[in-house]
Amino acid sequence: MKLTWVTIVTTKFEESKEFYRDFLDMKPGAAFSPNKFMDIAFFKDQNGMQVEIIWSKNKKEASDSDHIYIGTFFDNYSKQYEEAKKRGIIKSEPAPQGPDNMCFVVKDPNGVNVQIIQPK
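Take 5 as the starting number for the sequence shown in this note's numbering and just add one per residue.
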């Protein structure tokens, strides 16, 4: 199996695009409007995994996403942590994740948890 993408339906389209592009350093991919009520933008990581952001113009609020986590590895873990502190988006401070990795969690603009994992 190869996980291709995770989809997030949002009411904060521009903020979401900025978060995945600028904070997580994902590359913008396809972006289109399949109809007049929806915009879609994809962002790809260095391994090909994508996050699909969907903005439904009819949706008034985002649902509770507290049970959803996206895991990401960063070579420059410390730099990412400092940037997260600067942005005020840390949900949980660094803690061990298994015997070899550290991890902290941030919230994206939609309330989705994004784990920032320090590689071995």
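By construction, these hints were calculated from the structure, which means they are not laboratory data. Be aware that one or more of the hints could be misleading.
[To be verified] Distance condition first, Cα-Cα at most 27 Å in a straight line; then the derived BS3-like pairs of lysine-lysine:
1) Lys124 with Lys63
2) Lys83 with Lys111
3) Lys16 with Lys89
4) Lys40 with Lys95
5) Lys90 with Lys111
6) Lys95 with Lys31
7) Lys89 with Lys111
8) Lys40 with Lys89
9) Lys40 with Lys16
10) Lys83 with Lys63
11) Lys124 with Lys16
12) Lys61 with Lys83
13) Lys48 with Lys95
14) Lys111 with Lys61
15) Lys124 with Lys83
16) Lys61 with Lys16
17) Lys63 with Lys90
18) Lys83 with Lys31
19) Lys83 with Lys40
20) Lys16 with Lys31
21) Lys61 with Lys40
22) Lys83 with Lys16
23) Lys48 with Lys124
24) Lys95 with Lys111
25) Lys89 with Lys124
26) Lys16 with Lys63
27) Lys48 with Lys16
Each hint tested on the structure:
1. Lys124 with Lys63: violated (41 Å)
2. Lys83 with Lys111: This hinted pair holds, its Cα atoms lying about 17 Å apart.
3. Lys16 with Lys89: This hinted pair holds, its Cα atoms lying about 21 Å apart.
4. Lys40 with Lys95: Violated, at roughly 35 Å.
5. Lys90 with Lys111: With Cα atoms ~13 Å apart, Lys90 and Lys111 stay inside 27 Å; holds.
6. Lys95 with Lys31: holds (24 Å)
7. Lys89 with Lys111: Holds, at roughly 12 Å.
8. Lys40 with Lys89: violated (37 Å)
9. Lys40 with Lys16: holds (17 Å)
10. Lys83 with Lys63: Outside the cut-off at roughly 35 Å; violated.
11. Lys124 with Lys16: violated (34 Å)
12. Lys61 with Lys83: It is violated: about 35 Å lies between the C-alpha atoms, which goes past 27 Å.
13. Lys48 with Lys95: holds (24 Å)
14. Lys111 with Lys61: holds (22 Å)
15. Lys124 with Lys83: holds (16 Å)
16. Lys61 with Lys16: holds (10 Å)
17. Lys63 with Lys90: The hint is violated at about 30 Å.
18. Lys83 with Lys31: The hint holds at about 19 Å.
19. Lys83 with Lys40: violated (40 Å)
20. Lys16 with Lys31: Status holds; Cα separation ~19 Å.
21. Lys61 with Lys40: Status holds; Cα separation ~8 Å.
22. Lys83 with Lys16: Given that 27 Å is the threshold and the Cα spacing comes to 25 Å, the pair holds.
23. Lys48 with Lys124: The given pair, whose Cα atoms are some 23 Å apart, holds under the 27 Å limit.
24. Lys95 with Lys111: holds (6 Å)
25. Lys89 with Lys124: holds (22 Å)
26. Lys16 with Lys63: holds (10 Å)
27. Lys48 with Lys16: Satisfied, since the Cα-Cα distance of roughly 19 Å is no more than 27 Å.
Violated hints, in rising order: 1, 4, 8, 10, 11, 12, 17 and 19; the structure is consistent with all others.
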